[in-house]
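Asks: Quick note, the sequences are listed as chains A and B, same order.
Position one of the first sequence corresponds to residue 80 (my numbering), numbered consecutively onward.
Position one of the second sequence corresponds to residue 11 (my numbering), numbered consecutively onward.
Read the hints as simulated data drawn from the structure, not as lab findings.
Everything numeric in this text was worked out from a predicted model, so none of it was measured.
Glycine included, C-beta positions come from ideal geometry on N, C-alpha and C.
Check the hints yourself; a few may be wrong.
Now the in silico label distances, taken between C-beta atoms and shown as ranges [claimed, not checked]:
no., chain 1, residue 1, chain 2, residue 2, range
1, B, Ala28, A, Arg374, 41 to 51 Å
2, B, Ile213, A, Lys421, 27 to 37 Å
3, A, Gly484, B, Arg280, 47 to 57 Å
4, A, Lys421, B, Gly214, 26 to 36 Å
Derived DSSO-like pairs (lysine-lysine); straight-line CA-CA distance at most 30 Å [as the list claims (entries may be wrong)]:
no., chain 1, residue 1, chain 2, residue 2
5, A, Lys198, A, Lys453
6, B, Lys167, A, Lys348
7, B, Lys132, A, Lys282
8, A, Lys470, B, Lys132
9, A, Lys282, B, Lys98
10, A, Lys348, B, Lys97
11, A, Lys88, A, Lys348
12, A, Lys486, B, Lys132
13, A, Lys453, A, Lys88
14, B, Lys132, B, Lys98
15, B, Lys18, A, Lys348
Residue strings, one per chain:
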Amino acid sequence: MKKNNYILKGGRVIDPKQNIDKVMDVGIQNGKFANSETIKDAEIINVSGLIISPGFIDMHVHLRQPGGNHKETIKTGTRAAAAGGFTSLVAMPNTNPAADSTATIEYIRTHTRDDGVVKVYPSGAMTKGGNGKQMASIGSLKEAGVVALTDDGHCIQNFEIMKNIVEYSKTFNLPILDHCEDEDQFTGGVMHKGYWSTVLGMKGIPNTSEALMIARNIMISRDTDWDIHMQHISAKESVDLLRDAQAKGVRVTAEVTPHHISLTDENIKYYDTNYKMNPPLASEEDRLSLIEGLRDGTISVIATDHAPHSETEKLVEFNYAPFGIIGLETAVSVCLTELYHKEVLNISDFISKFTKGPADVLKMEKLGTIIEGKDADITILDLNKEHTICKKSFYSLARNTPFDGYKAKGKAVATIVDGGFIYSELNDIVGSIQK
Amino acid sequence: MDHIWKKKDLLSLYDLNADEITEILDTAEEFKKVNQRNVKKVPALRGKTIVNFFVEPSTRTILSFELAEKRLSADTINISASTSSLKKGETLLDTVRNIEAMQVDLVVIRHSAPGAADFLAKNLNVGVINAGDGAHSHPTQGLLDIFTMREKKGSIKGLNVSIIGDILHGRVARSNIWGLLKLGANVTICGPRTLVPREFEQIGVRVCDKIQDALEGADVVNMLRIQQERQEGGFFPSTAEYSKYFALNKRTIKYLSPDALIMHPGPINRGVELDSEIADGPQSVILEQVTNGLAVRMGVLYLITGFLNNEKK
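Next up, chain B with everything else stripped away, as it sits in the complex:
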């Protein structure tokens, strides 16, 4: 089968076009079926070695990647900053050069510095998947969000999606915005102005100050985690005041259509950006996002290794 996908790396959704994104989503749909079977393993990546290099800590993303790799029959190893020789002062590039020298096929990298995955991809031949680089990008999270929206709503084109919370420091927000715009959605971002860069207006994103305006008419609302350290950084006075004006709760949900989806990339601060009852309520698709994340990562791994196989022929 001839694939549209012709890249050794997945770095950000900014780099992809609509056809490439759609191919990932279509491929993920097939793998979702695999995950629903009694036997959840296929031999697609047998004989491939993948290193999950998580310089910045993560729970669900590394679990999801590792499960995806194992269900595709790849051999996987996880290393973290504390178990790598970064601790001994080795540079990131040298560490990954050593991994590459052991004929590893793919490196999945999580790092706190924006552009870390791009930097490795440019300087190495091994395939690189970005599992989150600072505030820059988290492409598989963006893809799983879009996958969930497409599955529930049929199409992304014309969909009204509101992203609410800390956009400034958010890689999830950036990944969603680029992916959604490329597939023709209308994107709104909302939160206190200290956390919502107006520069996004230049690429056609609607920016609003009031959560009511972001909720009314939305088909999907993606609530982002608000981090305690942003309060300490002086971006807003307290989580209590943040909740008062920007949370999705019993008071504000009345502005949202009953058909709208409620999403959250996790981990949730229950009672801060999202009320517990709503997180667990009928409109919430938060756990389905997690289920879909596995399928999306299998799709990405499958397409990239497929391309690498063709390159070697």
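This is chain A alone, in the form it adopts within the complex:
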């Protein structure tokens, strides 16, 4: 519902970027943050007992459009984001065609404007068609509006090609997001290599497939003095490498997904393909190491790697199912349960992983923080709301989640974009998104 002038009253406002954590009023005027004391004729909305946060950012989302509209679209994906508490997304470029040209970026921006309900920031492919070999037109992509570059889903294997792309991107001030995977070690693998792959007789993917490319990227980042962000890290070895590199001042950052901090390879023992993703769910030791990485700051971002697939595509033999699960509508609930309520992160550090963390990686200073005169994008959390995740109620076109039936504590209960309530479970406030 569009509201012009109002004040969110009595909420606990947490903005890690500005070190704000206090009960205070937040004013919104004509879609922008405003001084609550000077807004005229403002409606009062009581949000006492709730957390008011800058809008959450998910910097790793596959919206599938163009080319994969049977899995997800910009329309359904951004509604799923709204229902999950996200106001901004970074769309991955491995669409069909790949987002390697200004035309595709323009297509995504147009459809976001027409069909989207949250903000979609496109990322561009590093290589043409994501082929891992020829550099894409990076300067033009920047001009068309991409916020980062990635070949997500694949990893450039050649050191020289990768290094040249990182250096070239620095010219245009674009951060690199990398899916770290050594293909020689990965090929044919369907799950984490370890005890459970041995028991189940499935081809394993060793941790070193990811860690080897993390080590490579650390060297490239050091040599080029440019930013490389490691996507969806899963292995203990990766966390250890990044911690050491960051201590030496290398410009590397990392994200982790909600599923890698809450599930392990043991979940695969019944061959449910909703536990099949890349990188794979790893061992309990890896899981604990990722949580430690979040706690000590080595990992500054939580991102979903929302990867929709149709039920038909997933309902096959484990070996033949596509990698990936959806996450937009479960991430905040699962992470509040697993990280905040289990006392891994306090609420300010928790919010930072969804706001300041991704905004810093993306070099978007005005995003993920509350600034007077800037877009009023807000996520409202009820930290203690108990609920059971039910995939039937999702806004996403896809249902490929391992969290159906998960008992969660804590939820995003309202999502505000440009001052408008697009999703709301608050009394008397109706959100605008419809199924």
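Use these hints to put chain B onto chain A, whose structure you have.
Replies: Frame of chain A; chain B shown alone:
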């Protein structure tokens, strides 16, 4: 008679407890007697329909299942990947849903993907018997090996069993390991480290590098087939070098007790993992394994259909 067996499917020995395994072995003993009669057929499964769906090719396993089904008086049909509509792009689940829609009682499935039988069993009401799913499991092979060991040695508890060869890609190895551990055997696995996952130590299996260590003190040695394609995959340099260090031959058999049984799931690469004279020698029970396989499969079919009959009542 009240049976311990209460399952519509046989997927892997990992899923079974010692009592369930023992009941299968005891039932198989009765059917072994049937197979030694002049008239080798009993009416136990009359009126039942069984489809043997072998997506991955097989000779002896499908023959053994089909004979077992026919000796129990079931009606059977065999289909393979090339004669099924998988070739037309139908999914495995849809193909088997169609089979189920024709009121078939049991599907015996062989498939190259691990978990394929589990996947079907979970999504369908028809009974599913796993006849081998990739490197995961081949429960009737594990059961016939254990049946043969029990028949010759009296009991599995405390028996020292060594499995030698490609454990990593081996469903026979996995089935033997779980079944033997549940019945209280001491299991050793041996081969080049590239083919022998150390993770098995976590479940109490002894892992050794030298064939001498695996042979000394063994009551049973199960030699696994070594496949040519593993050499191409870079797991060992050549079959000649493999034989030099991991074969049971005239040189290495001296470490093995003369009372020990020599087993092999077949097909044998004569001269690669096992010398011909030893395969045909006095300690070898390789053909008896095949004989017992028939009885074990009859036992499994009998127990599962018995359970399905009770469910329908």
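Asks: Run every hint past the structure and note whether it holds.
Replies: Consistency of the hints with the structure:
Distance hint for alanine 28 of chain B and arginine 374 of chain A: a CB-CB separation of about 44 Å, consistent with the stated range 41 to 51 Å. Between isoleucine 213 of chain B and lysine 421 of chain A the Cβ separation comes to about 30 Å, which falls inside the hinted range of 27 to 37 Å. Hint check: glycine 484 of chain A to arginine 280 of chain B, Cβ distance near 54 Å, so the stated range 47 to 57 Å holds. As the Cβ distance of lysine 421 of chain A to glycine 214 of chain B is approximately 33 Å, the hint placing it in 26 to 36 Å holds.
As the CA atoms of lysine 198 of chain A and lysine 453 of chain A are separated by approximately 14 Å, the hinted pair is consistent with the 30 Å bound. Taking the CA atoms of lysine 167 of chain B and lysine 348 of chain A, the gap is about 28 Å. The hint holds against a cut of 30 Å. Simply put, lysine 132 of chain B and lysine 282 of chain A have alpha-carbon atoms about 22 Å apart, close enough for the 30 Å limit, and the pair holds. At roughly 20 Å between alpha-carbon atoms, lysine 470 of chain A and lysine 132 of chain B fall within 30 Å of each other, so this suggested pair holds.
At roughly 27 Å between alpha-carbon atoms, lysine 282 of chain A and lysine 98 of chain B fall within 30 Å of each other, so this suggested pair holds. A C-alpha spacing of about 29 Å is found between lysine 348 of chain A and lysine 97 of chain B, which places the hinted pair at or below 30 Å, so the restraint holds. Pair hint lysine 88 of chain A plus lysine 348 of chain A does not hold up; C-alpha atoms about 49 Å apart against a cutoff of 30 Å. The suggested pairing of lysine 486 of chain A with lysine 132 of chain B holds, with an alpha-carbon distance near 24 Å, which does not exceed 30 Å.
A C-alpha spacing of about 19 Å is found between lysine 453 of chain A and lysine 88 of chain A, which places the hinted pair at or below 30 Å, so the restraint holds. Restraint check for lysine 132 of chain B and lysine 98 of chain B: satisfied, since their Cα atoms lie roughly 24 Å apart, inside the 30 Å limit. With a C-alpha separation of about 19 Å, the suggested pairing of lysine 18 of chain B with lysine 348 of chain A holds against the 30 Å cut-off.
Of the numbered hints given earlier, the model fails hint 11 alone.
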